[in-house]
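S.K.: Each chain is listed here by its residues.
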Amino acid sequence: GDSVTQMEGPVTLSEEAFLTINCTYTATGYPSLFWYVQYPGEGLQLLLKATKADDKGSNKGFEATYRKETTSFHLEKGSVQVSDSAVYFCALSEGYGGATNKLIFGTGTLLAVQP
Amino acid sequence: DTGVSQDPRHKITKRGQNVTFRCDPISEHNRLYWYRQTLGQGPEFLTYFQNEAQLEKSRLLSDRFSAERPKGSFSTLEIQRTEQGDSAMYLCASLSLAQASYEQYFGPGTRLTVT
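Chains D and C are the protein sequences, given in the same order. For what it's worth, our numbering labels the leading residue of the first sequence as 1, then goes sequentially. For what it's worth, our numbering labels the leading residue of the second sequence as 1001, then goes sequentially.
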């Protein structure tokens, strides 16, 4: 079945460092891809998404490009801040109306940014 | 649009007791999803509704679990004869098929602790 694999954490960075969190997926169709973020004590929030190959999702300085040839959707940010400390989840879903659209998540990556 | 709400936010129960959680989706969102998230893991799909019809149940949803969405608005998830392994965060999300993005909006979750 469909699955998502993301790099294990925790990832510890200093403020203003470059961030990459790797995510690869396995899917039989043409899924939509998502990054969700969970800040301490809060619910899941959609960070960014991409619905087809070569699309780039971006939000709050974060970016991820849907790479069909490598089945990847790596999350990047050029300069992290302490406020970016959170757990990041990569996820996929079938992206069309006839599908269930259920989300399949990776295990999450804890990011800790130190001042 | 007040977002997805869940009640209660926290529930502590003794093994063997029954518990019921409620989810109120965003108004007029026709799909509603339930997920379970255990510590250190990503959310896992449990079931979903389109309007009042329950269209898919995961094999994770044992016979002790039942979900309803009687009028196509709020939903309840009941766990009978709770076990310690049921301890988790139960997440609800809703989606509108009228939105081309098929984006799911998550509630804050209900944290269940079975003692």
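Calculated from the structure, these hints are not laboratory results. Some clues are possibly wrong.
Quick list of simulated restraints, FRET-style, between CB atoms [as the list claims (entries may be wrong)]:
no.: 1; chain 1: D; residue 1: Thr70; chain 2: C; residue 2: Lys1071; range: 44 to 54 Å
no.: 2; chain 1: D; residue 1: Lys68; chain 2: C; residue 2: Glu1103; range: 15 to 25 Å
no.: 3; chain 1: D; residue 1: Glu76; chain 2: C; residue 2: Arg1015; range: 13 to 23 Å
no.: 4; chain 1: C; residue 1: Arg1015; chain 2: D; residue 2: Thr70; range: 40 to 50 Å
Stretch by stretch, here's where chain D covers chain C in the computed footprint (C-beta under 8 Å, at least three residues) [to be verified]:
no.: 5; stretch: 1022-1035
no.: 6; stretch: 1068-1080
no.: 7; stretch: 1101-1114
Ideal Cβ placement from N, Cα and C applies to all residues, glycine included.
S.K.: Failing hints, ascending?
M.R.: 3 and 6
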